[in-house]
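Go ahead and model the full structure; you've got the sequences and the hints to work with.
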Amino acid sequence: MIEWMNKLSISKKLAGIAFLLGVIALIIGDSSNSNAIYVNAKEMALSTIKNNEKIEASVLADWLIEGKYDYTLVDLRNEEEFSEYNIPSSYNIPVESILTSDLMRNQKILLYGNDDVASAQAWFILKSSNYKAVYILKGGLSAWKNEILFPKLDVSATPEQTAAFEKIKQVSLYFGGTPQSVSGGTATSLSTQPNAALALPKLTVPTGKIGSRTKKKKEGC
Amino acid sequence: MMPYYKFDYFGVDFGLVIAFIIGIGFGFALERGGFGNARILAAQFYFYNMRVLKVMFSAIVTAMLGLFYFSWAGWLDLSLVYNGNTYILPQVLGGFILGIGFVIGGYCPGTSVVSTSTGRTDGMVYLLGIFFGIFVFGEVFPLIENFYSSTDMGKVTLPEFLGLSHGMVVFLVVVLALGAFAAAEWAERILAKKNGRGVE
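Residue numbers (my numbering), protein chains in the order written: chain A, 55 to 275; chain B, 230 to 429.
The set of hints was computed from the structure by calculation and includes no laboratory data.
Every residue gets a Cβ at the ideal spot worked out from N, C-alpha and C, and that includes glycine.
Among the clues, some could well be false.
List time: in silico DSS-like cross-link candidates among lysine-lysine, alpha-carbon distance up to 25 Å [as the list claims (entries may be wrong)]:
#, chain 1, residue 1, chain 2, residue 2
1, A, K66, B, K283
2, B, K235, A, K108
3, A, K181, B, K283
4, A, K192, A, K223
5, B, K283, A, K61
6, B, K235, A, K122
A few chain A residues that face chain B, going by a derived Cβ cut-off under 8 Å, partial list only [as the list claims (entries may be wrong)]:
#, residue
7, I64
8, A79
9, D84
10, A211
In structure tokens, the structure reads:
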């Protein structure tokens, strides 16, 4: 047997190895189950406790004003809600299509929905599929509305609070919001147009959508 | 876990360094395989030198077995390996044009660079032609853009398309390759006798 094998030329030996590996592959069947996910439960629980994967709305506002765009802002709501209003620079990827989107494993991803539920779901899906840096906008769009678009200042606020509110007010106006002062439950608009209705800012920039891009990707040969 | 770039083991800059090293290796392998010579490449189309078929099938089988077993061992996430969409009509036409160019010029884009680097004049002319073609393509792109992205079938892989398991496709390709090797050796012997042309 060994003598017979020694007589074979190298290319015949290689062909034999290839054939053997092919037969074993046939027995293995599928090399990996792409739908199965592997979860490091301990790591996930830890990061949930530490809360360090949540970004405050005010932090995001600062990033947008500073022009810091090293992350991809993802709007998880449906297309209709997205086209009505979205946070500037965001892309619309509904939760159900998050895995088939063009998001990269090494991208910094910041998720938001109406509240924390959808983003928590998407966060889990992405984290368990080996996405490295996934963050959640704390409180989602409702927090963005409360804290950035329509911040409230109580009339009985201390001077320190009023001073601090001045910055918030500027931020709010930057995003087209309507800061208000609150006295005994009724809110008054503080914006330049008095008594303006609390309307969501009009979208001025065409909204980006990752999901329906038709352009070919610049990858491959 | 691989692919390293997608898991952020390194950035774009270092990725380019690695691409350079792999590119040099690729070119070296092509040159050693005899692919810097237009005569050997064009001979494939007349079936009296089957070296192209043998080298290509060896490369395909090696890479395929590597990817399959790496993925099986859990070293590689195959879903992250880039796999372009299938645009059936544009790709059929593109392949046809490339094939005509291949048979006329005696090179494919990669091998023309290899032959240029070894100082062959025909390779250099071919390379100039490639750049001219790229320029023309870029200029007329707006006119053909619709066709370019038409008949999009999405990401299609053989196991999905044929409804077979991944391992089954691997096995079939190996059998196909080994059969092609055997047929190539046989055809070379027959045709070498008939044409009086030696196998290089």
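These are the hints, each one checked on the structure:
no.	hint	result
1	A:K66 <-> B:K283	holds (13 Å)
2	B:K235 <-> A:K108	holds (23 Å)
3	A:K181 <-> B:K283	violated (43 Å)
4	A:K192 <-> A:K223	holds (20 Å)
5	B:K283 <-> A:K61	holds (22 Å)
6	B:K235 <-> A:K122	holds (22 Å)
7	I64	violated (12 Å)
8	A79	holds (4 Å)
9	D84	holds (5 Å)
10	A211	violated (45 Å)
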